[in-house]
Structure formats: C-alpha cells, structure tokens
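We have chain A; now place chains B, C, D, E, F and G onto it with these hints.
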Amino acid sequence: MIDFTLTLLNSISWVAVAFHTLAAVVCISALLVVLVRNIVHAVLWLAVCFVSLAGVFMTLDAAFIAAVQILVYAGAVCIMVVFAIMLIRRGNMGETNLFNKQVWAGGGVAVLVTVLGGFLSFRIRYAGSAPAVPENTVDHIATLLLSKYVIPFEVAALLLLVALVGAIFLAKEVKADADS
Amino acid sequence: MFGQGLLKGLEITWGRLFGKKHTVNYPYKRIEMFPRFHGRFQLDVDKCIACGLCVNACPNKVIEMEREKVGKKQFLTKYVMRIEYCLFCGLCVESCNRDALRFTNVIDMNQYRRKWVRLTLVDRPAPEAEETPEEAPAKAAKAEAAAGKAPDKEG
Amino acid sequence: MADYRLPEELMEALKSKFPGMEVSERQDVTLPLDDLVPFMTEIKENPDYAMDFLTNLTCVDYPDYFEMVYNLVSFSHGYTLMVKTRIEDKENPEIPSLIPLWSGADWQEREVYDLLGIVFTGCPGHPTRIFLEENFKGHPLRKDFQWEGGREP
Amino acid sequence: MVEFAMHNAWLVPLLPALSFLIIIFLTKPWKKLSALVCVAGMVLSCVIATLAAYGVFTNHEFTEKPLVYSVRWFSMAGLNIDVGVQLDPTSAMMMFMVTLVASLIFIYATGYMEGDPGYSVFFSYLSLFGASMLLLVVSSNLLQMFVAWELVGLCSYLLIGFYSHKISAREAAKKAFITCRVADFGLLLGLLSLQIVFGTLNLTELAEKISHFEQYTTMGILTLIALLVFAGPIGKSGQFPLHVWLPDAMEGPTPVSALIHAATMVVAGVYLVGRTLFLFHEVPTAMELVAVTGGFTALFAASIAITQREIKRILAYSTVSQIGYMMLALGLGSLTASMFHLWTHAFFKALMFLCAGSVLHALHHKADVWEMGGLIKKMPITGWTFVVGGLAIAGVPPFAGFWSKDEILLAAFDTGHYVLFGMAALTAFMTAFYMWRLIFLALFGDEKPENHPHESPLNMTLPLIALAVLSAVGGLVGTPWAPFWQEWIFFGHPHHADPNYLIMIGSVVLALAGIYLAYNLYCADKTRAKAHALAERYRFFWTVSYNKYYIDEIYLWFNHTFIDGAARLFYLFDIYVVDGVFVNGIAAITRLSGEGLRVTQTGRLQNYALVFFLGVLAVAVVLAFTDPSTAAGLTGGVK
Amino acid sequence: MKTQTYYLNLGPQHPSTHGVFRIILELDGEVVVKATPVPGYLHRGIEKLAEARTYTQVIPYTDRMDYLAAMLMNWGYVEAVEKLMGIEVPERAEYIRVIVGELSRIASHMIATGAYGADIGALTAFTYTFRDREYVIDLLEMVSGSRMTFSYFRIGGVAADFPEEFYPAVKKLLDQIPAMCDEYDGLITGNEIFQARTKFVGIIPPEVAVDYSLSGPVLRGSGVNYDLRKVRPYSVYDRFDFEVPLGKNGDCWDRFRIRIEEMRQSKRIIEQALEQMPEGPVLGKVPKVIKPPVGDAYAEIESSKGVYGCYVVSDGSPKPYRVHFRRPSFINLGYLGKLLEGWKIADVIAILGSIDIVLGEVDC
Amino acid sequence: MGENIFVDFTAWLRGLISGLGVPDLFNDIILMIVKLAAIIVFIALNATWLVYMERKICAYIQSRVGPRHHGPVGLLQPVFDVVKLMTKEIVLPKNVDLVVFLLAPVLIVVPPIVAYSVLPFGKDMVAIDMNIGLFFLVAVTSLSTIMFWMAGWASNNKYSLVGGMRVVAQMVSYELPLVLAMLGVVMITGTLNLSEVVNAQKNVWFIFAQPIAFLIYFIAGVAETNRPPFDLVEGESEIIAGPYTEYAGMGFAMFYGLAEFANMMVISAMCTVMFLGGWLAPFGLTFIPSWVWFFLKMYLVIFIFMWVRWTFPRIRVDQLMGFGWKVLVPLSLANIFITGTGMYIYRAIGW
Amino acid sequence: MLTLSVSLHHYLILAAVLFGIGLFGVLTKRNAVAVLICIELMLNAININLLAFNKYITPNDFIGQIFSIFVITVAAAEVGVGLAIVIAIYRNKLSVNLDEFDWLKW
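Quick mapping for you: the protein sequence lines, in order, are chains A, B, C, D, E, F and G. Going by the working numbering, 154 is the number at position 154 of the first sequence; the sequence numbering is gapless. Going by the working numbering, 131 is the number at position 131 of the second sequence; the sequence numbering is gapless. Going by the working numbering, 135 is the number at position 135 of the third sequence; the sequence numbering is gapless. Going by the working numbering, 384 is the number at position 384 of the fourth sequence; the sequence numbering is gapless. Going by the working numbering, 192 is the number at position 192 of the fifth sequence; the sequence numbering is gapless. Going by the working numbering, 128 is the number at position 128 of the sixth sequence; the sequence numbering is gapless. Going by the working numbering, 83 is the number at position 83 of the seventh sequence; the sequence numbering is gapless.
Isolated chain A (complex conformation):
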C-alpha cells in the first residue's frame, strides 16, 4: 500500500499538480467575477484570476509572459478598472454587478460556445510529447520581437500611444461647462 502510494506520488509531476490547482482557481475566480453582485469584489476576483493565470502560463514554460501577465493585468489593468469604479462610485456598491434580461439566452449561447470549443479542441492531434522548450525564453523573444516582428512591435507601441492619448482625451473633463 505504501509502495503503491509512493509510486503514485512519484508519478505525479509538479506541473500536473500545479496546473490542476491553478485551473480550478482560474475557473472558480472567473465564475465569481461574473456572479458576485459587487463590482469591486468582481474586480478583486479578476485579479485573483489573472494571477492564477500567470501561474498557468508558468506551467506552459512561459515565465516571461507570466510576469507580463502579472505586471500588465494584475498590476495595471485591475488598477485601472478599480480607479474607474472609484470615479463612477455610488453610495451602495452592493448591487452594482447585476445581470440584464437576457441572462438565460446569454447563458445558453455561452454554454454552447464552450461545449463547441471543448469539442473542437479534441479534434486536434499533435505529436504526443512536446519537445522541450528552450531554457532562456526571454532572449529568443527579445530577438524575435526586435527583428522579425519589429514592425508589429512598433505598431503595438504606436497603438498604446494612441490609446493613451485617446483615453486622456475621452476622460478629460470639459472645464468650460462645469461652471454652472
């Protein structure tokens, strides 16, 4: 019995344990994002979801992307969202994340999409065990980004700039009208 357990335990890989735990956390926190009634809690669950997703990325040997995920999503996007919520604050936050009238229809479509996606994913056949991912991914990504993908990279930079300017312009107060 002990031997069997030990064998079993030895057969478990780190990655598998991590993946299943993190996947569970991701799914549950994502569901909570949708289901909780307070938008602030939803955002906090979103942060949890993003951090766990970073963990999932780690299991995919994409440590760099994981760090980016934490930095951008958990560090920046969530902050932006909570800031926006704070700006559009109201007295009672308890009822800020409700469903609209098409909840059943939407739910049906979402379930169908999920089922179809899951079904289709099983159609993919690939060579059983994956080849090892190189140890140092950052160097490769950096090289590729600045050589082969330099134009998309720059375009993305430009996009960010445009988004920045656009966001400032949109959210800027019009002071002239505020005097009344």
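Source of the hints: derived by calculation from the structure; they are not laboratory data. Treat the numbers as computed from the prediction; the structure is a model and nothing was measured. It is possible that some hints are incorrect.
[To be verified] Listing some non-contacts, in silico: residues in chain E with all C-beta distances to chain B over 12 Å:
(1) Pro245
(2) Gly284
(3) Lys285
[What the hints assert, rightly or not] Capping the alpha-carbon separation at 30 Å, the derived lysine-lysine pairs in BS3-like fashion look like this:
(4) D:Lys378 <-> D:Lys366
(5) F:Lys88 <-> F:Lys158
(6) B:Lys115 <-> B:Lys61
(7) E:Lys344 <-> F:Lys94
(8) B:Lys78 <-> E:Lys288
(9) B:Lys61 <-> E:Lys83
(10) F:Lys326 <-> A:Lys172
(11) B:Lys29 <-> F:Lys326
(12) E:Lys248 <-> B:Lys8
(13) C:Lys90 <-> C:Lys143
(14) E:Lys248 <-> E:Lys48
(15) C:Lys90 <-> E:Lys48
(16) F:Lys326 <-> B:Lys21
(17) E:Lys172 <-> E:Lys230
(18) E:Lys285 <-> B:Lys61
(19) F:Lys326 <-> E:Lys199
(20) F:Lys158 <-> E:Lys338
(21) B:Lys61 <-> B:Lys72
[Unchecked claim] Simulated restraints, written as ranges between beta carbons of each label pair:
(22) F:Ala11 <-> A:Phe122: 43 to 49 Å
(23) C:Asn135 <-> B:Arg124: 48 to 54 Å
(24) E:Arg268 <-> C:Glu88: 49 to 55 Å
(25) G:Ile63 <-> A:Phe122: 55 to 61 Å
For glycine and all other residues, C-beta sits at the position ideal for the given N, C-alpha and C.
Chains B, C, D, E, F and G alone, transformed into the frame defined by chain A:
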C-alpha cells in the same frame, strides 16, 4: 542650485544624529525646578491666621476653608484645595500676608482617580477653647465676614 | 505718547455733517442708530479719514440699551477712532450690518449675535451662530442670561 | 550667374511662396521676423529676376524664340497640361518690374503697417500675392496663368478685406471678388474653348496654331473666343463696365493699393491680352473692341476722377484710366506702347499711391483732399516725390509718363484712329488736371491747423525716393531717339515710328494746360471760389461725375430686378418639384420601410452581441460538422 | 458635464487643526470647492466669566486664551485696565513686560514654526522648535513660576522682579537664538520641497487682508506694514530699534518666514531692553481693591498672532461690567473659508498652519 | 566559516528528508515550505528590528534618545509593541466591506514575501534563481498597489478613499521611473537574472556606472514605499492615515509595521543588488560572509531612507505627479539613451 | 487509475471554459465596467490557447508567446480606451448601465 536646501537639511539632521541629546530620563532623573515654581501648595499652619484672604483672592473658588473661633483667634480646622480647579495663578500665595501659603517644587500631584486629586492641607479638630477674652472679637468677626463673602457663584 | 486721535478740524467736519453725533472728551463718537451706516461709509470712503481697518467690533449690554462699539484705524493717516451707537430696543435689537464696508466685520458680528443676540441686518446668511450650537437657547453675554449647571460646589 | 538666373527663373515665384509658408507656419508670432522673411524673399526674387532680365535683354534670340522650361503637370486622354516658365522680353520685363516694385512696396509696408495686430498675416498675404503674380507672369501656359490669375484674385480679396473689422472693407472685398469672378467666368469659358478647339493651352503652341486657325475653326468662333478671353481682362483690369470694384478696393491698406491695384495685378489683364495678342490679332473685331473699350474707359474714368474727393479714390480712377490707355494701345496692335506704358505707369502710380499712403499715415487716415493742404512743408520727401509722380503721369518731359503716353498717342495717330486719338488726348489733358488738382489741394496751399502731419520713417521714404527716381528716368529706355524698348518688346515685328514732334509738343501743351488750369483753380485761388463756381455752373455734370455715373446704382437695380426675380422662380421650382416630388417622396418610402425594420434595432450592445455569437456558433457548427478538414483549418490547421 | 463633489469633515479632531476646530470641505477630487470653518469647540465663555471676577482675578483667565503666548494676553488686559484707571506703570515694570512679552513671542513663533513644519510633514522641525522653546519657557518659568499660564502681570506692574539668575540665563539664550533660527531656516525654510509646498499657495492680497481686518504676520505677510509696536508704540517700544519684517506675495511662505524673522527681531529688542533697564519698583501705586471709575477703555497690543485688543467697561464696582477681547486668531480665521477655495487638501493644511491659530484664543 | 551556512543547511535538510524516503516532489515541497517560513520569519524579525531602528534613528535625529526602558537600550520595545497590537481589539467600523477590509492587511504582505524568493541574499543564496528574476520582482511588487487600494476602499471613510486614490496614482506613476532606472543596469549586464547582475559588478558597482539611475531608483523607491517625502498616502497631517485610518490593532500593525518595512526592505535589497554590488565584498574583504555584506549594504540604504524621512517635508499630490512624470520619467529615459550611447561607444572602441 | 498528466487538450478546455465564462459575462452583465472585465477574461482565454499551442506544437518558434504579448498589449490599450469611454458616458448620463445606452447618439 536645486537640491541645495535638501542637502543642507540632511546636513543638519546628520549633525543632530550625533549631537547632544536633550532627553531627561524622567522619572529617574529630574530637572531642578526654579524657586518660584508653582508646584504643590504648602501651608505653614503655624503662620496661618485663617484670615481668608486667599479664599477671596482665588478666581476659581478653589480653596475651602473652615475655621473655628478658639478664644480670640480664628483657628483653622480645615484647609482644602480643590486642585482639579486650580489655575496655579499664584494669586492666593500673593495675597497671603503672613507668608503662610507657599508653593513648593513638588510636581507629582497626579492621582489615579479624580476625587483623590483634592489637596487637603489641614484637617484637624479645633483644640479646646483657651479662654482669652481680652482679644478683640471685632477683628475675628471681620475676618469671618470676609471669609463668608466669597465670590459670587458664577453665572 | 503720541496722539493718534482724529484731529479737531476733521472731527468738526464730521460734526457738521452728522449733527446727531456726540463726542466724548476722549474723542469717542456716539451716534444715533440711523446715522451709523452713512457715518461709517463717510469715514471709510472719504480719503480725509480713510478708516480702512475695522479693528474691533463688540457690544455691551447696559440695563437700558445695547451699546455697539466699533474701533477703527486708518492705515494711511494713522488715526484711530472709537464709534459707539446705542440700540434702544432691548427686545428685538437690530442694527445694520457693516460687512459691505469691512468684510472683517463678518465673524465679529456673528460673534456678537451669538453671544449678545444683536441681529445684524442687510447681509445674507446672517445671523448665524458661530461658537454655540444652532439650537442653543439664549445669548450668554446678556446680563439677564441664566444658566443652570456648572461645577459641583 | 546670369545663366543660372535664366535657367532657374522658376525660383522667382517660388521664393515668395516659400516666404509665405515660412511666415504662416513658423514665424507668425514674431512680427519683425515675418516682415524680414517676406522682404528677403522678394528681394532675392528681384535679384534673380534682374539677372534673368539682363540675360534676356542681352541676348537677341529670345525675342524670336522664348526660353521655355516646362514639366508635365497632368495628362489625360487628349488633355496635356504643362506648367512651366516662359522667358521672353515681355515676361522678363514684367518679372523685373513686378519684383522691383514689389520689393520697394514691401519695404514700405514694413513701416506702414507698424503696430497693426495682423502684421505677420499681412506679410504672409503679400508674399502669397507676390508668388501668384510672378507665377502669372512667368507662365508658359494659359491654364497655369489662369490658376495664378485666380490666386492673385484671392490675394486681392484677402488684402482688400484685410481690415476685416471695417464693414466697408469686407463689402469691398466681396465686391471685388464677385466682380472679378463674373469676368473670370468668361475667361474660363474662353480658355476652355481654346483647349477644345486647339487642343492646347501652351502659349507657343497656341500662337503657332492660331496663326492658321482656319484649319481648326471659323472666324466667328474665334471672335467669340477672343471676346470671352477679353472678358477676363475687363474684370481684372477694371475696364468699363466692370471697373466698379477697383475704387472700392482702396479700402485695403495702401501698400496693397499700390502694389495690387496700381502696379501689378490690375495690369495683369493688359498682360494677358498682350500675351494672347496673337489671338486678338487674328480677330479685327475684337481688336477694335479692345481699343474702344480702352479708350472709352480712359476718358470715362478720368472724367470721374476730376470730381472725387478721397485721395486714394482719385488715384484709383486714375489707374482705371491709365489701364484704359494701355488697352487702347493694345487694341491698336501696339504691344510696345502698351507694355511701355505699363512699365512707366507701374513706377509712377506705385509712387503716387505710396505717397498717398504716407500722407494718410501722417494724417491718421484722413482721406479727403479738401481737408489737407500745405503738406509739402511738413513732409518734404513725400511731397516732392509726389510732385515727381504728378509730373510723370501728366506727361511732362522728360519724366517717364511722357514717353510712354506719347508712344500710345503716336500709335493711335499712326493707325488712323483719330477719334480714339482725340479721346486719348483729352484724357491726357484731364489726367494732368485732376492729378495736379490733387497735388495742389493736398500738398500746397494753406496748412490746415487741425492736421499734425509728420514725415514718415525711413523705411517708408526710401522706397518713395527710389520710385521717384524710377518715375523720372524710367521712360528714357524708350525715347524716340533711343528706342531700346521698341527693339525688344513688340508684336510681329519691331515698330519704328518716327518721332512726331507735333504730337509730342501737343501732348506737352495739353499736360501743361491741365496743370495750369488746376493751379489756377486750386492753388492760386486760396478760397477756391472759382472751382466751386465752376462746379455750381455745371452742376449736372459735376453731380454725375461725382456719383461715378451712377454705375453702382444701375447694377444694384439690375440685381434687384432681374437676378432676384430669376432666383424666385428657381426657388419655387425647388420647393415644389425637387423637394416635393423627388426628395420627400423618396424619403417617405425610406421612412416607411425604416419603420418596419426599426423593431429589430434595440440599440443594446449585448443584444447584438448575442445575435452575433449565435451566428458565429452557427458558422462554426456548419464548418466543423460538414467537412473535417475545414474544421481543422478553422482550429489551427494541424492534422 | 456633471462632476460630483463630496464633503470631507476636517476636524474637529484632526491632527492639523491645532486643536479642536472643524472645517467642512466640499471637494471636487482633491480640490476644495467650498470650505466652511466651524469654530466654537473650545468656547469657555471667558468674557462671561470675567464679569464674575474681580479685576485682578481676570488675569489668569486671559492666560488661557493664547496659551502659547500667555504673557502677551495678560499684557493687553492689564493695559486696558490701567488705561481705564489711569495708573502709571513703573518704568522697570514696563521693561520687564517688554522682555517677557518678547520672550513669549519667541516661544509662540517657535511653536508656529515647528507646527507648520509638522503640518507640511517635517516632523523633525517640530521637535527642534519644541526643544528650543523649552529654553525660552524655562526663563519665563524662572520669573513667573509657570511654564505656560504665567499670570505674571498685575494691574500696575508685574508680580515680581526678575530673579538674579535670570540675567545670565537670558544672555545665554539670546546668544543661541540666531543659531536656532538658522537651524530652522536650514531645515525648513531653505528646503526646496517646503518652498514648493508653500510658495504661491494661499495668497492673500494686501487689500483683501486689510478688508478682512487681518493682523499680525498674516497681514504683514501680504506686505502691509502694520505692527503696533512700530505704528502706535505702546509701553516703551518706541525706545527700541528693530525692524518689521514684511512679505512680498502674501503666500504661506511669506507668513512663515516672517515669524522666523520676528524671532530675530525680538532677540534684538530683548537685548536692548536688558541694556536700558532701569532700577526701581515693579509694581505701581495701585489700591488694594481695584475699583476703576465708571467708564470704558480699549487698549491694543501686538501679540504674536496679531492685534490683540481688550475692551473693558467698568460700572464702578470691583468687578468689570464687561470685558471684550479682540482676539487676532479669531479674526484672522474669518478669511479662511474664502481663502481655501480652489486649493487642494494638502494646501488646506498648509494655509491653516500658516495663519497660526490657537483655538483657545479663537473660541475664547 | 559562515559563508555557506545557509546553503549548507539547505543541502543538509534535503539530504535528511530524502534519506527518510520521501519522494522528490514532496522533498521539494517541504523545502519550499521551509524556505517560505524562513522568509516570513526573516521579514518579521527584520520588520520588528526596523521598527526599533526607525524609532531610534528618529529619536537621535530629533535630539532624543528613543525607547530605552524595555530590554537593553530598549531593544525589546518592538516586541512589546507587537504584543500590544496583537492583543488590541480589531475595530470594525460600520458599513465596511468586511471581507475586503479584513483581507487587505493580510494580503499586503504577500507581494514582498513572493519578491524575496528571487532575491540573492548571498552567494548562491537565492530561493529560486529565475532568469527573469528582475522582471518577476517588478511584476510582483506592482501587486501591492491593489492591496492598499482595497484597504482604502473598504474602509468606507473619505480619508481612506482619498488615500486610496493617492496610493494608486502614486504607486502606478512611480513604478515607471523605478523600472526605467533599473533598465540602465539591465542594458549593461544584458540579463534579468539577479545573480548575474550581481556578478557583473565584480569590477565596478553600478552606482558608479549609473549614478543617475541610482538616484532615480532611490527617489522612486522612496515613493514606492510611501515614505516621506512621498508619504502623502498616509500623510498624517492631511488625511489622518490614508487607507489605514480605520485599522486598529493587528491590521494596523500589518500595514504600518510589516508591509511598510517589508516593502522598504525589498526596495533596499533591490537597490543593493542593482547598484551596490549585492553580496560582493568591497576592497577584497571576503573573509566576511557574503550575506553579511548584503545586509550591511541593505541596512545602509535603509538608513538613508530613514534619514531622508526624518529630514524632509511632504510634497503635494500634484507636485508628486508632476515630479514623477515630468522629471523622473524623462530623466530615466535620458539615462537609458545615455547608457545606450555609452555602450555603443564602448563597444566601438572595443575595450 | 488516477492520472494527473497534462496535455494540450487540458489547456484547450481550460481556455474554452474561461472563454465561455467571459462570453457569458459579456452577454449578460448590466454594468459596462463588468462587460469590459469579461472581455479581458476572453482575451486571456485566447492567451492560454496561444501559449499552449506554442509549447506543444511549435516550441522553438515562439510565435505563440510573441502573439500573446501583442494580445496583452492590445488588451491594455482596449481597457484604457474602454474605461475612458465608460467614464465619459458616466459623466454625461450618471449611469454605467448598458441597458440604458440604447441611444445611438446624444
């Protein structure tokens, strides 16, 4: 140049870091009080003639005085200062003609309960009357009148 | 000590303008209530006086009347002047506000209203209590004010 | 150097254009810098133009065969338009004249516009105008010329309306623009016809083709074309009956009046007719029309100028009159005389305008000559240069005007147009009269005590002096005894008229008589009683002349009666036919169908998204379950 | 465009209100749209209390107004009573008054300086000034016996002459004061962050300052030269040579800096007073029971916060009929509501600190 | 002696556990837990020590002597503080968002703890030697913003709310110059691995190669830890205590003691690693263990933090943002540019 | 038998579920901010797919990783602009309820 003031500030604090410390390790070590310090009251009972001037001088009606007439002299039986109301202005001490009421340098008047704060300087029974009828009773009466005429009850 | 009072000739000029005014030997001016605002406007706006600084404003509750006291200073000439006026109506004392002339009168008038119950008319937002709470009954600095309480004997 | 200038004459219009761009985009906040850029651009152009002109005038072959540099602008089937630079003596002279006068006026303007809030903008407009005018001058192509023609029109509009806070300035700008547009429409039609008929607008090719126009068209059509083309100059050069805008254009700043409405732009019409003289030459009717129009305008405008009171208005009518002179010369076929007069006129008229500007500047824009007087004592430089200009325009030898006017009179006399000659001679007399009337009224006589004139600053007087010198000696290039001018600028073949001393002396006598009459009426007689009496005596003529023959009023009446009536008619058509049947009818159909479809448009984003994803789902299902390879392709393409 | 504002209740218990004082701020983000100051949390009715005390007994109550410069509070009151009664104060007493008054002013300004530093965030400055203030207070304690509420002045003079050990001590302190001021200057005034926080913040134009009856460093910070010690010298101030520091812009920085400068000037005054001090009695000829004639008197002095005036009415009895105090902090505070509009929360603290109020005085 | 004490201990522990026949996976997990516990203990110990140190330095700067009654020279004072704070009641104000309110002080210590896992404390002394260690650290520390915000939001107090707004604005803004300043070092070393960064400073510390970057890093680091002169998050004279206004007892201790000092230690440790040569011994004083050097340098930086704190006033919120965006960010970009140019020249010369 | 191995399909199903949850939120939440949040969830599901394919199919090309960087970039930009729009709308209408945004212009 910008930053000069910042560096100057750092220099000052750096100097203070190793400079003289001004803390006194109270209560283990105490500073000498000045002679005029308004500390705890002290009543020299022997000098006191229970004239009541201090009672009148007090702005806040802190002093409670009880006296009995023993012979020709007024005899102080009770002298209580309600220190919780005291302003430590020193007017009572100043008003004392006999130099009976004085300040000391003692500062430990704090008490755990408010009702203990009251300072009882004299609380004693009056001695048996020693008949000394030759003293003028008018003087005593005058003193009593002065004592009775405490300041108005405040509005 | 140097003299900072209003010179005689200026005082005479004021007297001729406001016949109802009385001048004490210390050169304190006592005015009828109706003359207050014209008088104050005159001594503030007229460059001969230029009383641009209202130092003090208070009120005294005398048995028969309220007496308002104003202390004025002229920065340019260095004069000082004490102006008094009497409010005979003890029941509903009212006096025009001087806030339009000196904004500094604002809080002082509120204080006087609060403590003595003089109503200053002519300015929005007044009278409002400043020290005591809004629903406090009475005006403490009046002589007839009675207050139950105080410390135990 | 000269070679470079000649082969790079395109720089001449380009430099002012560059200054325009620099001022507008860079130096606008810095006034002095803007002025400097503007002046520098024009002076550089002037240097290049001078060198190029020198090159042209020292090399005889360009008279026969102009130096043309052109590039293809655009080409379509059957339509090839070039842009280019054509250097021949006429354009070289014109280029030189324009850049020179413009440079001087720009310098003058730096002083005149001092303190104006729109200083930089003004100079940017001036630069733009310079560029456009030079583009017009150097054009090798009629379309290019038309573009430049419109550009100068635009600049004229901008500059007349420069004081846009004044209602009169705005109105004048609009008037000028609309009047010129009317004329330009004719010009455009003419150019189109030329293109249609001859298939080209290049000047050289056109000259070639029109010389045997019978291969292409008939005489009637050609006449029509010539008349249409002539419509443009009538408008732009202020010929009767479209002269009305020019006097009003004096609302603009004085440098503008001097540059645009005296020296350069208004003579563009003359220049155009000169450039296309090969066309008019083939059409005698048109030639006659040009000559008559010119002669009549000259006399007509001069007769108005006699009674006007505002200093710039007098000069404006004088300009109209002098341009009529040039047209007359053209109509007589004498390009030489016309261009000669254009040349001299540019100098003395610019000079007089600038002097007038200087006077106005000194008198704080008090324009009535009757309110001036004795200015020559307070403003000696302005005054004496004005006198030089007056002598020049009156035709007193040896000043410039005398030689050119004499050339025109000679041309009229030689070609046997005696009526026109008489009109021209009368005009010359009247010119001398009204101009000296102005001079005597404004400069001599008693000083008015309410005026406090002062001499203008150096940057205003220096151009005056330069122009005065040019007005004095500018005519010496074409005296009958030394006919350099006639050697160079001609149409067909050089015309060597012998000096006709009779005409020469006659014109001088006429001029002197005019001056004397003016002196008699306005200077010798301090009270001017005689002048008033004369006006009273010929009250009718005076009134008509003073009210400019009521031309403006006639136009107004015409507008109200005919054009508004036609507009009313079209309005009714629009309301009932266009709107009623087409617009509203179609709209009603659309609206009805829209109301039916509106129900599906909830406006809710999520509703749409739901439907969208249903669609996606359907597509995915179809793709996934119909053909496995498609599905594989959909999900990553790996088998 | 609608923007939401919200209310923030600054005080009555807030570290930066220097006591119990409340400002209701209407904020748009961090910017003050409207500010309503609410004083009165420390109102004890001193003016009413005074009506039930004898003239001498009022003196300890005046201590409790500006408890940071209690000597000056005494001074204004006794000056008014002396004016009412026409008492001649002995010259030595006047000099003693000047010395203790200026020492009191130094102590008060030290607190203002340090507390302002603490408001801006430099807590160390606060401890430094308190440390130095202790030495000043020691001197005052030496002469009066108390460290804060001195009750040292008497009608007609002062309670007691200087003790002998006072003179060397005050000399020693005066020698240190320039170094102390330099230290504050180095630590606070010269600091760029501090300057950025205070320069051009809370600007009071001079005409507004006069209109609102502001006084003291607040008025002088706006450049109005109005210091009673110079303008209408009372006591023996006309015998001293000193300067009145003035501000240029009327901003917080000016008001703050003036206080440090005034400390230096006070030091000069004390030095001169010590030099000139005559011998003689310290208490004038005053009746045992003070009964002023019927009438009224108004006297003003320049306290550390501004013009401190006292109006006394007598009905001939031994108790004053009416006492009114013109408290500079109270009147200086009157402009606060308008002044705060348009500044940020952090500036509210900076402005309030620069006015240097003492709530005991404001609420009286 | 001492150099490898921690490394040896880890190896010994690993050997011990595998000797018991525990599978490798669990061996790893146990070691992980041990390391985590060590880090937490380390942080807690350091935080208590830092509380004491801060009080002492504050006192000394202010001419006082600070705590001295509990233990020798008051060394036990923080212990007493902790005991007091732990036994204090946790006050729950009305209408707070309870879960968030209680979670915030707990979560606030997570990012520093995670950050320590990649910090090299000494030679070969690093929990996880990540090749993107620096990036990971930056990412993780950026998480603490949201915890502060949670505290400010959940408190249902306007001072807290203003503090929450400020904390978000400030920390997000100053992260940028912080990272950009470190980028200069990264450009020189060409690696994100912290151990390699330290090794690259064998010859010269980067404080000498990148003085501007050091200055920017230091200033931004002060702002990131919300300490004066950038403490407007808690700025007690303005908004009482910012997000922590409503916290009492242990919650307060977590914010004020643990989180603040843990964050400060992370910033100082990063400063040491990036600019001060990490665990490298200066002047060849290698007989002192590397981790001692590391801590010495770290504490030097912390001391400067404290020194600055007790000297400077607080700046205003608009000045803070202006300084960050208009001074530090352009300056750090310029630094990157200068570094790049310098490196190019360096390579071109071919030294 | 308990198997705890991980394969590409695991990741794909996780991604599908996450995408479904996000889609559900997008379709049914009333708050505009919540909708934005759910869009982020969907984008992250995509990222899982990208990285999973990258690891299991083309581990040496890094296309998936690079693409996911772009996705994250675009997502950040989208959130920024989206929130700005939401705030702008809120300033005008004092509401972020998507049901009320059924006008096409204001």
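Hint check:
The Cβ of E:Pro245 lies farther than 12 Å from every Cβ of chain B, with a closest approach of about 20 Å, so its non-interface assignment holds. Every C-beta of chain B lies more than 12 Å from that of E:Gly284, the closest at about 16 Å, which supports listing it as non-interface. With 12 Å as the threshold on Cβ separation, the claim that E:Lys285 sits away from chain B holds: the shortest Cβ distance comes to roughly 17 Å. Annotation: proposed proximity of D:Lys378 to D:Lys366 holds, straight-line Cα distance about 16 Å (limit 30 Å).
Among the hinted pairs, F:Lys88 with F:Lys158 is consistent with the structure: their alpha-carbon atoms are about 24 Å apart, no more than 30 Å. Of the supplied pair hints, the one linking B:Lys115 and B:Lys61 holds, its CA atoms being roughly 17 Å apart against a limit of 30 Å. As the CA atoms of E:Lys344 and F:Lys94 are separated by approximately 28 Å, the hinted pair is consistent with the 30 Å bound. Distance restraint check for B:Lys78 and E:Lys288: the Cα-Cα separation of roughly 27 Å lies within the 30 Å cut-off, and the hinted pair is therefore satisfied.
A threshold of 30 Å between alpha carbons decides the hint, and for B:Lys61 with E:Lys83 the separation of about 28 Å falls inside it, so the pair holds. For the given pair, F:Lys326 sits about 19 Å from A:Lys172 by alpha-carbon distance, which is consistent with the 30 Å threshold. Only pairs whose Cα atoms come within 30 Å are accepted, and B:Lys29 paired with F:Lys326 is rejected, the gap being roughly 53 Å. For the suggested pair E:Lys248 and B:Lys8, the alpha carbons sit about 25 Å apart, so the restraint of at most 30 Å is met.
Annotation: proposed proximity of C:Lys90 to C:Lys143 holds, straight-line Cα distance about 12 Å (limit 30 Å). Taking the CA atoms of E:Lys248 and E:Lys48, the gap is near 40 Å; set against the 30 Å cutoff, the hint is violated. Restraint check: the Cα-Cα separation between C:Lys90 and E:Lys48 comes to about 19 Å, which is no more than 30 Å; the hinted pair holds. For the hint linking F:Lys326 to B:Lys21, the alpha-carbon distance of about 41 Å lies beyond 30 Å, and the restraint is violated.
For the hint linking E:Lys172 to E:Lys230, the alpha-carbon distance of about 27 Å falls within 30 Å, and the restraint holds. Using a Cα cut-off of 30 Å, the hinted pair E:Lys285 and B:Lys61 holds, with the two alpha carbons roughly 27 Å apart. For the hint linking F:Lys326 to E:Lys199, the alpha-carbon distance of about 20 Å falls within 30 Å, and the restraint holds. For the suggested pair F:Lys158 and E:Lys338, the alpha carbons sit about 23 Å apart, so the restraint of at most 30 Å is met.
Simply put, B:Lys61 and B:Lys72 have alpha-carbon atoms about 27 Å apart, close enough for the 30 Å limit, and the pair holds. Roughly 46 Å separates the CB atoms of F:Ala11 and A:Phe122, a value that falls within the hinted 43 to 49 Å. Between C:Asn135 and B:Arg124 the beta carbon distance is about 50 Å. The supplied range of 48 to 54 Å therefore holds. Remark: the range hint 49 to 55 Å for E:Arg268 to C:Glu88 is upheld by a beta-carbon distance near 52 Å.
One distance hint, 55 to 61 Å for the beta-carbon pair G:Ile63 and A:Phe122, is violated here, with the actual separation near 23 Å.
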